[in-house]
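Note that numbering that gives the first Met the number 0 numbers the sequence shown so that position 185 is 184, with each residue one more than the last.
Source of the hints: derived by calculation from the structure; they are not laboratory data. It is possible that some hints are incorrect.
[Stated by the list, open to error] Straight line, CA to CA, 30 Å or less: simulated DSS-like cross-link-like pairs of lysine-lysine: (1) Lys34 with Lys170; (2) Lys137 with Lys100; (3) Lys34 with Lys124; (4) Lys253 with Lys136; (5) Lys34 with Lys154; (6) Lys253 with Lys100; (7) Lys253 with Lys275; (8) Lys124 with Lys253; (9) Lys170 with Lys16; (10) Lys149 with Lys307; (11) Lys16 with Lys100; (12) Lys124 with Lys275.
[Said to hold, decoys possible] Restraint ranges, calculated between C-beta atoms of paired labels, are given here: (13) Ser311 with Pro220: 30 to 36 Å; (14) Ala157 with Glu316: 39 to 45 Å; (15) Ser135 with Val42: 19 to 25 Å; (16) Thr226 with Ala140: 41 to 47 Å.
Even glycine gets a Cβ: it sits at the ideal position worked out from N, Cα and C.
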Amino acid sequence: MKSANDLDGLPLLKEFKAAQESSFDRTGGNNDYVKVNSEDKAVLADISGAGRITRIWITIASPDLYILRNCVLRMYWDGEAAPSVEAPVGDFFGVGFANYKHYTSIPLGMSSGGFYSYFPMPFSKGARIEIENQSSKKINALYYNIGYDKLSLLKNDAETGRFHARWRHEKTLPGSNYTILEAEGSGHYVGCNLSMQGRRPFSFWFLEGDEMIYVDGEQHPPAIHGTGTEDYFNGGWYFINGEFAGPYHGLTIKDPLRSRISAYRFHVNDPIPFKKSIRATIEHGGINDASGSDYSSVAYWYQTEPHKPMGSFPPAEDRLPDDGFLLKNAKYAASDILEVGMNLFEKINRLTK
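Build the full structure now, drawing on both the sequences and the hints.
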């Protein structure tokens, strides 16, 4: 299998038709976006037949400071009723805490205002991608491009896994690992992003936790057992030199004041296959003794369908990052301050035209 950045295959002639779904203005004007009211959905793509999504790009304008957690991305393959992808937009594209951080990896990134994915997403009968705005505020502009290959049929369909991604969130519990992924069927795990917030400022003790990945029902200790959280993300000494972005691993947030870490790792060159089941977990603290820390993650994997039901998705109010201790003495909510700033910017822009 060629890696995502392998150029060797470019000279080979292609047998598919390239196509794209986008938010371009159907009237011929320049309003190349859609608006999404509070509690409404927007269908970004509804494709019939066989194909393979090769690129997703979006950008969002909203006065909601937490829109990247309050807006949910879902993807459905081949007419399935339950989504194979379900995650807040910001977390899906690789960064937690409803933050936008410029970073570029090969599968995913946030680049100067945009969000992109190059994960290949095959389907044999159809694909549907939608966004739901669960914010109390409108999305004033959602721009999107979804590139895909149109195929007459999906070759080796029975051996071709469908793309999956799922967001999880919980306060860590004493004595129990945090679960990044739990799936049944046949497939392979290809990575995650993990966002962690400790209980005390300037403490990253939770990073002592080891990854433990259990495949096909294996008992403890599993074949994959690590030595520390930052080690799993190819860092060291609590990410001693700070934030960085690599092709397959990186640290997008290191915030000592809020004791926050957000990191990603993609198993593109080292996928972890499973035939029956997989449970990817990570310890918190030295021996699961950093309880009460706020952990959230998106796992990415491919598997044959049907997939195990993922359960109900947490409501918007339960997904918000823990910013309360920074804003508890503020007269105005941060989202209101942002909205005032946007209105002021628009007035200045009109006056200077």
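Legend entry - Which numbered hints fail: 1, 5, 7, 8, 9, 11
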